[in-house]
Amino acid sequence: MARLQEFVLRRPESIEEAVGQLAAEPEARVISGGTALIANLRLGLGSPAALISLERVSGMDRIEVSAKEMRFGAGVTVARLATDDAVRAKLPALAAAALTVAGPSHRSVATIGGNLCLDTRCVYYNQNETWRSSNGYCLKYRGDICHVAPQGKRCHAAYSGDLAPVLLVLQAGIAVAGAAGVRRMPLAGLYQEDGAHHLTLAQGEFVSEVSVPLPAAGMRVAYRKARVRGAIDFPLAGVAMALRMSEGRVAELHVALTGTNSQPMLLTGTEECRGASVDEALADKVGKLVQRQASPQRTTVTTSNYRRQVATAYARRLILELAAAN
Amino acid sequence: MKRLVSLWLNGKRREDAVADNLLLIDYVRETAALTGTKCGCDGGECGACTVLIDGEPRLACMTLTATCDGKRVETIEGLAVGGTLSSLQQAFHEKLGTQCGFCTPGMIMAAEALLRRNASPSEETIREALSGNLCRCTGYVKIIESVKAACEP
Amino acid sequence: MSEILSPKPMGATIAAHPVGRRQPLIDGIEKVTGRARYTADLAATQALTGVILPSPHAHAEIVSIDVSRARALPGVRAVITGDDCDVPFGILPIARNEYPLARGKVLYWGEAVAAVAADDEQTALAALALIEVEYRLLPVYTHAAEARAPDAVLLHANKPGNMEREVSNSFGDVDAGFAAADLVREESFHYAEVAHGQIEPDCAVAEFEPSSGRLTVQSVSQVPYYVHLTISECLKMDPADVRVIKPFVGGGFGHRTETLPFEVTAALLARAARGAVKLQLSRAETFTIHRARPETDIRLKIGMKKSGEITAVEAEVVQRGGASAGYGIITILYAGALLHTLYRMPAVRYRGFRVYTNTPPCGPMRGHGGVDMRHAFESLMDMMAATFGLDAFAVRRANLFVAPYQTMNELKVSTCELAACLDWVEEASGWRSRKGKLPRGRGLGVACSHFISGAAKPVHWTGEPHATVNLRLDFDGSITLLTGAADIGQGSSTLLAQIAAEVLGLELSRFRVIAGDSALTPKDNGSYSSRVSLMVGNAALAAAEELKRQLVAAAAKRLEVGVEEVECLGEAYLVTGTDRMASYRDVVKSALEVTGPLTARGTYTVPLELQGGKYRGAGVGPSPAYSYAASVVEVSVDEDTGEIKVEKMWVAQDCGVAINPLSVEGQVQGSVWMGMGQALCEETEFMDGRPMRGNLLDYRVPTIVESPPIEVKIIKAYEPNGPMGAKEASESSLGSIPPALAAAVAEAIGVRLPGLPLSPDRVLAAIQARRRDERLKSALGGAS
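Chains as they are written, first to last, in the numbering used here: chain S, 36 to 361; chain C, 304 to 456; chain A, -11 to 772.
Note that these hints are calculated values from the structure, not bench results.
Small disclaimer: the values here were computed from a predicted structure and weren't measured.
Certain hints may be false.
Said to hold, decoys possible - When the alpha-carbon atoms are kept at most 27 Å apart in a straight line, the in silico DSS-like pairs for lysine-lysine are as follows: (1) K305/C x K315/C; (2) K765/A x K425/A; (3) K425/A x K636/A; (4) K451/C x K633/A; (5) K451/C x K765/A; (6) K423/A x K577/A.
Modelling step: build the complete structure from the supplied sequences, incorporating the hints.
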C-alpha cells in the first residue's frame, strides 16, 4: 500500500499549544479525524511538513447544552452527533444529517469541525498523482487552469459536507482559534465561493467550537441528501431547510445547499416568502430560488444539470413536508 | 520521525518504534504481521480494513498508528478467544456470510462493533452498521442473515 | 498404532451424504478468522517491491525510454521495459497482441511502460520518477465509432478498421420469419461498460531462484494454468522451471480469467532482479487492468406473431473492446450464440463488431457476452407483447422450447426447467394479482436468462481431457483432493469435496482440498465460463469412483469375498446381506499394503456430440448443459429525483441438482445482485482516455443499504450430463435482472429507457421527456 509521505505529527493538548505550533510551522496542516485529509494525502494532494492533531486538545470533545444553545467542541465526532441524546432531542435534523455522512467507521472518528472544513471535491482533483499529472494538474493544486471551466479564473471544486447546510439554516456560529486569540463569527462567514480557497480562515487558524442556537418553538428543520447509493457517497446535492409557520403562513424560512457550489450556502431571497401560505406556488418559488442560486459544475461524474434539478426537487418537497408537519 | 507507541493489540500490549506517517493498516499487517485486516481500495472507500479502536469501528487505512498510542486495537485475529470462534465468526461460516472472504474481516469487525452496543439489532440497524463495508460476492443477503444468527441466544 | 491410523471412530455404518446438504465452505473457518492468506498477505519479507510506470497517454508512440538514471539509483535491483519481453500474449492463440510492458506504442491510459524492483517502495517510486519517456501523441479513440472512422489510426497494424473481429452469421430463414410475423419492431440500445469490482486488488508475488533457474509465481488468478503457460512463453522458460500457486483469491467474476500483464511483469522483474518481487497494484491500477463487460451498442429487430411467438430475430452488436484482444472474439460470438438457447428461435441473423479502442482491454464478466443482449431482447419482447396485449409471462411462455432441444446454431440443450422457473416467480411475486394494479411510481418486471455450464471447447486445444482430479489417500486415512480448479470464493473446493465424499460415503472431515498449485495439482483450465461444477465435478466424481473401486477391492480381499459382494458404507465396508464388515481404516490399511499410498485419477471430456457445429465461430456456445433462471423485480421510483429503490427480487434457478443448496443460494443472490448493480448505477467512464471512475467512490458498487431482499428458489431438476445431476449456478441468473428491473421501472414511470444503467440522472431525464411529450400531446389534442 502506498505509504504516506513523511511528516511530523504533533499532538498539542491545548488550543494555545496548537495555535503556537501552527504559528511556528506555516507548512503544517491541522488534522482532526483525518478521514478526509488522509484520503487526500494518500492521493498526493498536499505535502505538509507537519500535521497538528487536535485529538488531544482538551475540551474539543465537549457537548454543552444551555437554555439558549448547544455548543460543540470542534472535535465532537459525527457519530456522537448522530447518537447523542441531547442532540437528537434538541437538534434532530443535525443528528439526522450526521447519519448521512459516509459510513460508521468514518463517522466514529470524523469530527464536526473537520466536516465543516472539508476540502472541496472535483473529479479533476480527487485523483492520484499519475492521473493529475497526466492531465497537467489543475488550478486547485499545482496547475493553472480549472478543467471544469477552462476559460474561468477560479476553481469550481464543490463543497460536499453534510453538516454545514443544516448548521447554516440553524444559524450556527463558530469560534476560530488563532494567534490573535479566539474570534467568533456566523458559520456563513467561514466560507467563500472559490473552490481552491473556500475557507476564510487565515494562516494558523482553525475552528475550535460550533455553537447552535436552539431553534425557536415551532421551527422545523430537515436535511435531504441526493446520492446514488444509500451510504458512503458524498452528496451530489444536499438541501437543508428551517421553516417556522405562524397562523398557516411562513414566519421564517432558511434554505441552505451543499454539493452544488464551492461553498455551502444560505439561499438569499427566502425572506420574500414570509407571510405566504405554503402551497404549490410557494414550492415553485422556493424551487426557483434553488435553481437560480445553485451552481453545480462538472465536478462529479454525475451531471451538473441533474444535481441542480434534484436540489430543486428536494427544496420543493421539503417546504411542503415541513409545512405539513407543523 | 519515529516515536515509541504502546498499545494493546488484540489484548496484548505492544511497544514499537513507529514512524509518524505509518498507517495503522501497515502497522497491523506488516509490523505485527496480522494480515487478516485487508486493504481493498486506495483510501476509505471499501471498509475492508475495519478494525476496532477502543471498541469503535475504524478504518485502519485512514488511521495514523501514532494516534493509537495507549489505545486498544482489535483485529479479526483477536475475536476467536482460546481458539473458539466468536458468535459472529461462527454465524458467518455457517450461514455463508463469507464467499471469497476478502471483505469478511472488515465486515465482521463492523458487525462486532454493532453487537457490543446492541445485542439484538433490527435489520435496519444491521444495514446501517455495515453500510461502509462493500461486499461483491453475496448481495449482502447472507451477511444480514449471519449477523441475525449471531444474535440468537 | 490403530489410533494413529484412524482419526475417526469406527462404528458408523451408514454412509454420509454430503451432496444436497447446506454445507458451509470447506475453507470458511480460515476466512472468518483472518487466517486465509491472499496473495497480498504472503509472507514476503525478503521480497523486493515492484512498481509500474503507467502511460500518461491513451494513445502514443514511444519515441524513447531512458532508464539509466533509475538503474543507477541505490537500492534499485531491476528496471525493465518493453525491450525485456518481445513475446505477445493473449488468451486466444489466434489473437495475441498484448505485451506485459508496452513496445513501441501505448494503447491506453495507464498501460505499463516500465517496471522497477527495489529494496523498498520509496526507492522504487523514486526510480520511477527518474525514468524518462518521450512520447509522440496519437489521436485517442474512446468510443467504437471513433475507432472505426475511415481515417482512424490503427491500434494494431494488422487490424484494418480497428476491427478485432467481425461476425456475421445467419441460421434459419430470417426474411421468411419476418414476413410471417404480425409485428416487426426494431430498437436500439446502449450499454455502459461495467467492471468486476472484486474487493481484492490485483497482486502477484514472483520468486526467482538464481541457482536453479526456477521461478515460482503466486497470484490472484482464476486460471493458474494459463498464467503458467503465458509466463513460460513470455520469459522463454521451460514450463518445467515455472511453478504457479494460487493462494486464497478475493473474488474474480471474470477479471482474472486470463493471464494479466502484471503477472508477467512480476515474473520478469523477479528474474531480472534475481530474487523475489511483490507487485501489489492499487485499486486504481486494478480498474485499469479491467477485462470486464464492454460498452455495447445493440440494434435488435424481432418478428412476432399475435400469439407472442417469435418468428425471426436480427441483431447487430458493436462492442468497444479496448486496446487488446483478450477474450474479445469469444465475447462478440457469445452475444450472438446465446440468442438461440433461451427461447425457441426459428431464425436468427447476427452481426457483431468487436472494435479496438484506446481504453483498457475488456474481457469476460459474469454472464459473458449475453447480459447486454439479454436486456435488449427481453425489453423488446416486452414492448411487442404490450402491443398485442400479452402479459410478460405469456409472451415468454409462448416461446419456450421443450428439452432435449437442438438449436438452429447446432447447440444441444439436454435439460431446461425455465417453465417451472417462470411459474415459481409468478406465484411468489404475486404477479397475477398485483401486476398493473400497483400505485403510481411502483412497478414489477419479469425476465429470463441462462448460461452455459462450461465451454465445450477449451480455449487451448490440447487433446487432453477437459478436467482432471486426483485423489490422494495415505496411511492416515485422510483424502486429499488435488485440483487445478481455482476456488475464488464461489465454493468450488467445497463442491468437489462434497461430490467425492458422497461417492465414498465419507464425511467432509476426511477431506482436504488443495486447489491450484502446479507442483501438486493436475492442470486445469481454470474457473471461467461456469465450467467447474460440471466439468471438474465430473472429474472428481470419476476419481472418487476409481478410489472406491480400489477400496472395495481391498475390502473384498480382506473380507475374503468377491468385490461384487462388498458394499461401501463409507466408514465401513460390509459384506452384503451379512453383518461382516471391515472398518474404513482397516480397508485403507489393506489397500496400502499392496500398492503404498494411493492416487486415484478421474477425468472428464465433453462428449464430441456436445462440442458444437462446424461453421466459423461454432466453438462458442456449445456446452454440456445450460442453466436457466427467471426473475421478478419490484421497484419504486421517485419521480422527482429519478431514484430507483429495488424493493425485492425473486429468482427461480434451474441448476439441475444443487450439490450445495447453501452455496447455490449464495451464488444466485450474488449474481442477481451484480446484475442489479449494472442495471442501477455501475459504469466506467473515460475522458480523453483517462478513467473518470477508477475508484470505489465513483464506480458505485451498491452498498448493503440499498440492496434488497432476494428470495431464491432452486427448481427441482436433474441434468444427466452433470455430476450427480448438477449444472452451473453462478452466472445464469445475472442476465435476467437488468431487463426485469428495467421493465419494472418502465411500469413505474411509464417510459422505457433504451439501455443501462438506469442512473437517477438518466431516469429523471426520461421522466422529464415523457412529461414534455404529454404536454405536447395534450396541447396538440386541445388545438385539434
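Now the hints, each set against the structure:
Taken as a hint, the K305/C and K315/C pair is honoured in the structure, with Cα atoms around 22 Å apart against an allowance of 27 Å. For the hint linking K765/A to K425/A, the alpha-carbon distance of about 25 Å falls within 27 Å, and the restraint holds. Straight-line distance between C-alpha atoms of K425/A and K636/A comes to about 17 Å, which keeps the hinted pair within the 27 Å bound. At roughly 23 Å between alpha-carbon atoms, K451/C and K633/A fall within 27 Å of each other, so this suggested pair holds.
The suggested pairing of K451/C with K765/A is violated, with an alpha-carbon distance near 53 Å, which exceeds 27 Å. Annotation: proposed proximity of K423/A to K577/A is violated, straight-line Cα distance about 65 Å (limit 27 Å).
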